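> Spelled out from the first residue to the last, the chains are:
Protein chains: 2
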Amino acid sequence: MANEKKLVQSITAREEDFAQWYTDVVKEAKLCDYSNVKGCLNYLPNGYAIWENIQRDLDKRFKETGVENVYLPVLIPESLLQKEKDHIEGFAPEVAWVTKGGTEDLEERFCIRPTSETLFCDHWQKVVKSYRDLPLVWNQWCSVLRWEKTTRPFLRSREFLWQEGHTLHATAEEAEARTKMMFKVYQDFVQDDLAIPLVCGKKTESEKFAGAKDTYTIEALMPDGKALQSGTSHFFGNSFPDSFEIKYLDKENKLHSAYETSWGLSTRIIGAIIMVHGDDSGLVLPPRIAPTQTMIIPIAQHKEGVLEKAKELYNRLKENGIRVKIDESDTTPGFKFAEQEMLGIPTRIEIGPKDIENNQVVVVRRDNGEKITINFDLIEKELPTILESIQKDMFTRAKLALEDHIFEANTMDEMKEIANNKIGLIKANWCGDPECEDNIKAETGGFGSRCMQEEDQKEVHGKCICCGKDAKHKVVWGKAY
Amino acid sequence: MANEKKLVQSITAREEDFAQWYTDVVKEAKLCDYSNVKGCLNYLPNGYAIWENIQRDLDKRFKETGVENVYLPVLIPESLLQKEKDHIEGFAPEVAWVTKGGTEDLEERFCIRPTSETLFCDHWQKVVKSYRDLPLVWNQWCSVLRWEKTTRPFLRSREFLWQEGHTLHATAEEAEARTKMMFKVYQDFVQDDLAIPLVCGKKTESEKFAGAKDTYTIEALMPDGKALQSGTSHFFGNSFPDSFEIKYLDKENKLHSAYETSWGLSTRIIGAIIMVHGDDSGLVLPPRIAPTQTMIIPIAQHKEGVLEKAKELYNRLKENGIRVKIDESDTTPGFKFAEQEMLGIPTRIEIGPKDIENNQVVVVRRDNGEKITINFDLIEKELPTILESIQKDMFTRAKLALEDHIFEANTMDEMKEIANNKIGLIKANWCGDPECEDNIKAETGGFGSRCMQEEDQKEVHGKCICCGKDAKHKVVWGKAY
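Residue numbers (my numbering), protein chains in the order written: chain A, 1019 to 1499; chain B, 1019 to 1499.
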């Protein structure tokens, strides 16, 4: 059992050093690693397969709302990036510049896209003429590059994979409705498919996306108490469209402004999956996006009939649409168990001579270790139910953990007290002044405004915990990744 | 009918000007357009949806052979690109260079990947230690950039979308087998799913990929007589792995070289689909990769019951997995027909008051204009059969056209005669000397070596048509895109 021990020992305990535990899981589960291109990741098969499943599920949700996919260039001319003032201020310091093509120096330099609002608007300016051309509801799956100084696997890297949706509408109302619709799509996807509970709401003025009028965010709470911004949906109003001179002729033949949205979710979310669900044995993947949903592990596989029976099981599960693998490698069952646990495969099926004798298999749940004995003939009926239970239980557990770590503060002292002694998010009233926002962050040792939940804004009573003036918003404050 | 006429008139006839016809189809079917980034395309919804279907079908074929997907960085450090001598010579003149990140000048410049052999090898050098780590059978879907001077939609652009597979093996035999396996996957995919017949074989020395030992190519013949290289599979031997010092310990604990392959297919293939199948009414898409397989067009849609019946039809077809749309727009049926034809949607279903009375619909095939009357209750059973017939007929027609345009030449005079008077490819013997290869191309006005078909190489008799020495190969010669 030396190998088995070694595999398990290679992970730091979460209690001991959470950041090191995260790094260990990413490495031992072979999700990604750093390339020799500083700050850029290699997304390896185990990590990329999770992203492929995220793409598949999320893209289906997009298309059900009428989204069409496109692909626009990786390069943006500098003059284009500069067309929207706030946008260039936000992005110019962190883009990579192409100055040479082949052997010639370029007359105008290009940046590698950090985001593509400018390219979409530039195209729309050419093609949008009439109300008949609207709405345009587009999305692209691609990578973007931002010249970050500090990087961490999935959470922050120079190049990352994402989808960026961009839409153009005839009216502000329609664009706002689309912004909120995609905000809701993200919530449903992350909660239902990734089993990650969320705190969702509008960003404050100072936390908005560069150039946006409103930004809506979904935030997940990590076990170390930090929030992870996991997806954003932006309403731009007509700022970009006007900067790019996008106008359309309405039914009365009058020129009108157009209204824009954009929304994105990135490979960062894989970091949230790792942290929210993982344990000291490694990754724990939600069944709906797990690349492998069950690993069949034959016990005493050299004994007659065991491998045959395991393969029969494999074929039956595969035919029933379950993502199944079989581990026939020449190692001990204990080693195989440890590996399946490290990879976060939601269930394993143990099948040995004794099970075959009793016409049964043992299913072991990765999330809680529960062992379930199932009649061999019923496995393809029972396993999907078990997988759905795991999905639901993972969400419920995470939801309880989140609720346990949201606190309320009525004064600055209360907030500092919580900030110093608890792990999690704090709700507190705010007047709306950016100066108070900054002060609160400074005095609490880094609790910035994460978002303003809609349900909390209906009737805001009381005073700003910083300046004591009448509060306008109840804000969720937290430290952030 | 003014609109209808306008739509049809906007395409140049193929006979009149084939290149202009191509440009017109790309534009009118809204597949892609040039962005303001010189030489780079915007892949628009109609064009990108074709690529998504290609990805889905081809990726499935890959995974059935054990391929795993990954994603490696968009940037390559210059020192890495230089590690393999032939490779850098091939690519250095046509890459874009990043020299600045954020506000700092970079110590080492990066190129935007023109292809990723170097990045894969660099990663493998770190992780491959033992025979147990092999084989590695990886692929990535991404874009690459090559600083081309002349560009044409899909056929040649600075940035294009592709997949690049990279594999590493313990033995040369295994790597060669994988090279040929992927060569076969491409042939099957392009012929079966895209209905494009191919001429396939090995490239000559001078036409190989930079750094490869063998290159296998699939070539399609366009109606203007030019060949389009549509996919390639390369065997590298141990040249790259040795340059990158990738060595593994075999079962006897001895250090061994590793062997590499790579293989790619790009959005260029969309150009082949357009040219091979298109006609003077626009695009004709093979049903298996058509984003929409049938368009329901209601006739006299304002009459009672017509739209209801059309929608019933839509729902039934959708439930049966057919990619269906319904055109309820406020234009004439004639206009809708012209548009469906321009977009290359394989079938349309006409349903009007008379059809409803007779409990029938009329299916019109895009490929040959045939009208088929079908009992309304049987449509979801009959339509898949019609779509499969279209798929097969499109391939058969294209295959006959290809066979009609492959000629044989026994002397240089014969070859020149054919080159001057016919459209297509020419088979002729060659001694293997690159000088003769160049001469043949020069004397025939551009007929370069496309490939050497395996079935033609078994017994090569006769003389090189250029120098008269004993022939070693029978080569397919042609002009190329």
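Quick caveat, the hints were computed from the structure, so don't treat them as lab data. Do not rely on the hints blindly, as some may be mistaken.
Chain copies aren't distinguished; within one or between two, either way the pair holds.
What the hints assert, rightly or not - BS3-like mimics (lysine-lysine), calculated; alpha carbons at most 30 Å apart, straight line:
| hint | residue 1 | residue 2 |
| --- | --- | --- |
| 1 | Lys1343 | Lys1198 |
| 2 | Lys1144 | Lys1045 |
| 3 | Lys1459 | Lys1497 |
| 4 | Lys1269 | Lys1048 |
| 5 | Lys1327 | Lys1244 |
| 6 | Lys1389 | Lys1440 |
| 7 | Lys1045 | Lys1434 |
| 8 | Lys1399 | Lys1078 |
| 9 | Lys1434 | Lys1445 |
| 10 | Lys1231 | Lys1497 |
| 11 | Lys1144 | Lys1056 |
| 12 | Lys1167 | Lys1144 |
| 13 | Lys1048 | Lys1078 |
| 14 | Lys1272 | Lys1078 |
| 15 | Lys1399 | Lys1045 |
| 16 | Lys1144 | Lys1343 |
The structure presented is a predicted model; accordingly, all values stated were derived computationally and were not measured.
> Hint by hint, say whether it matches the structure.
Verification of the supplied hints:
1. Lys1343 with Lys1198: between (40 Å within a copy, 27 Å between copies)
2. Lys1144 with Lys1045: The answer is between: 13 Å across copies meets 30 Å, while 47 Å in one copy does not.
3. Lys1459 with Lys1497: Within one copy, since 9 Å is at most 30 Å while 68 Å is not.
4. Lys1269 with Lys1048: Intra 57 Å, inter 24 Å, cutoff 30 Å: inter-copy only.
5. Lys1327 with Lys1244: Classified as neither; 47 Å inside a copy, 55 Å across copies.
6. Lys1389 with Lys1440: neither (35 Å within a copy, 73 Å between copies)
7. Lys1045 with Lys1434: neither (36 Å within a copy, 62 Å between copies)
8. Lys1399 with Lys1078: both (26 Å within a copy, 26 Å between copies)
9. Lys1434 with Lys1445: within (12 Å within a copy, 83 Å between copies)
10. Lys1231 with Lys1497: The answer is within: 24 Å in one copy meets 30 Å, while 55 Å across copies does not.
11. Lys1144 with Lys1056: So Lys1144 and Lys1056 pass the 30 Å test across copies only (15 Å; inside, 38 Å).
12. Lys1167 with Lys1144: Intra 37 Å, inter 24 Å, cutoff 30 Å: inter-copy only.
13. Lys1048 with Lys1078: both (27 Å within a copy, 23 Å between copies)
14. Lys1272 with Lys1078: So Lys1272 and Lys1078 fail the 30 Å test inside a copy (37 Å) and across (50 Å) alike.
15. Lys1399 with Lys1045: Answer is neither: 35 Å inside a copy and 51 Å across each miss the 30 Å cutoff.
16. Lys1144 with Lys1343: between (50 Å within a copy, 27 Å between copies)
When held up to the earlier numbered hints, the structure conflicts with 5, 6, 7, 14 and 15 and fits the remainder.
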